[in-house]
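Chains as they are written, first to last, in the working numbering: chain Y, 1 to 173; chain V, 1 to 173.
By construction, these hints were calculated from the structure, which means they are not laboratory data.
Just so you know, not all the hints are guaranteed correct.
Unchecked claim - In silico DSBU-like pairs for lysine-lysine, Cα to Cα no more than 35 angstroms straight-line:
{"id": "1", "chain 1": "V", "residue 1": "K155", "chain 2": "Y", "residue 2": "K28"}
{"id": "2", "chain 1": "Y", "residue 1": "K28", "chain 2": "V", "residue 2": "K57"}
{"id": "3", "chain 1": "V", "residue 1": "K57", "chain 2": "Y", "residue 2": "K155"}
Unchecked claim - Taking beta-carbon pairs under 8 angstroms as the criterion, some of the chain V residues facing chain Y (in silico):
{"id": "4", "residue": "V25"}
{"id": "5", "residue": "K57"}
{"id": "6", "residue": "D87"}
{"id": "7", "residue": "M100"}
{"id": "8", "residue": "S158"}
{"id": "9", "residue": "P169"}
Values in this document were obtained by computation on a predicted structure and should not be read as measured data.
Note that beta-carbon positions come from the ideal geometry of N, C-alpha and C, so glycine has one too.
There are 2 protein chains.
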Amino acid sequence: MDVYECLNTRLTIREFKPDRVPIDVTTKILQAGRGAPSSRNRQPWHFVVITDSDMLKEIGAIAESGPFIAGAPMAIAVFMRDAERLDLDAGRAIQQMEIMAWSLGLGTCFVGFSDPKAELQVKQMLGVPMDFDLITVLPFGYRLDSVRGRNRKRKPMSAIAHMGRFGYPYLAR
Amino acid sequence: MDVYECLNTRLTIREFKPDRVPIDVTTKILQAGRGAPSSRNRQPWHFVVITDSDMLKEIGAIAESGPFIAGAPMAIAVFMRDAERLDLDAGRAIQQMEIMAWSLGLGTCFVGFSDPKAELQVKQMLGVPMDFDLITVLPFGYRLDSVRGRNRKRKPMSAIAHMGRFGYPYLAR
């Protein structure tokens, strides 16, 4: 899929086809995360691939904002350690994974774990050392034929983009 | 450009052709940032487009880690306000912009402003209110024919990706 088309059609997806995600597709998504730039090239990320349906159901039950993880055929948990700018590096890797997945017919939705107890449960379940931070568990699956992602509204360009100086709206052409 | 090719060829770029960036290309890059997902869809970003060469030189002089901004024909300063997860949202928008730019023949390099004095100078120069955070100034320009981006090494997949449980290396296929 063309980059422009991909970025302009991408939606956040919470419902998935039950079809399993082929291993070469999972590899491409991981490669996209691995290839992301990071502060001082530290690559502070760890990705744990989860395909066990019982485990996905359990994580869905733990994730207050992500019960739909239970319905995904695969998920990638993202952990960070030794990051100078943990969330910034994570955001860049996550976005590369989401874009790659979308171009291959899949979708995802960021699920955060703000409750420290929930984070601890996921780390214990996956055997992740305590000095890692859980950023998200991203569920992945093929999109339904009738995609029902939330096409969330965007602020107008003139409200967020400025030309030369703050307050001088960028007039999109 | 195809998404897979884009993500697998992208490099961090610090040298640019002097050619100016057409306004429709700048618009596509801004659209990519504007279309990024954000926590609770808050879209907490502001983008300031800079094309004035004196201003680019001045920012290059302020940016300890980014003197090459002076040699770029265009830059986009990214500011955030009211973000729950400021760096995470920023990282996702920045990565969408970098990918769109790469697919159109351009390149960029993340430049941070960790020195509060430098951040203040950039904010004053661009008339940005004090309650915004400066995340980066991203220089953009067409890549040289002999691209001399830094093709920085990546950790092996088995060192960062795990199958099912932390410590069980994902074996890429």
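Hint check results:
Restraint check for K155(V) and K28(Y): the C-alpha separation of about 16 angstroms stays at or below 35 angstroms, so the hint holds. A distance of roughly 39 angstroms separates the Cα atoms of K28(Y) and K57(V); the hinted pair therefore is violated under the 35 angstroms criterion. In summary, the hint linking K57(V) to K155(Y) is supported, as the alpha carbons are separated by about 31 angstroms, within the 35 angstroms threshold. A cut of 8 angstroms between beta carbons decides the hint on V25(V): the least distance to chain Y is about 11 angstroms, and the hint is violated.
Look at K57(V): its Cβ only gets to about 15 angstroms from chain Y, farther than 8 angstroms, so that hint breaks. Interface restraint check for D87(V): the shortest CB-CB distance to chain Y comes to about 4 angstroms, inside 8 angstroms, so the restraint holds. For the restraint placing M100(V) at the interface with chain Y, the shortest Cβ-Cβ distance is roughly 6 angstroms, inside the 8 angstroms limit, so the hint holds. Below 8 angstroms, beta-carbon pairs count as interface contacts, and S158(V) has none with chain Y, the closest being about 11 angstroms; its hint is therefore violated.
Against a cut-off of 8 angstroms between C-beta atoms, the interface hint on P169(V) is violated, since the closest Cβ of chain Y lies about 11 angstroms away.
The structure fails to meet hints 2, 4, 5, 8 and 9 from the earlier list, while all remaining hints are met.
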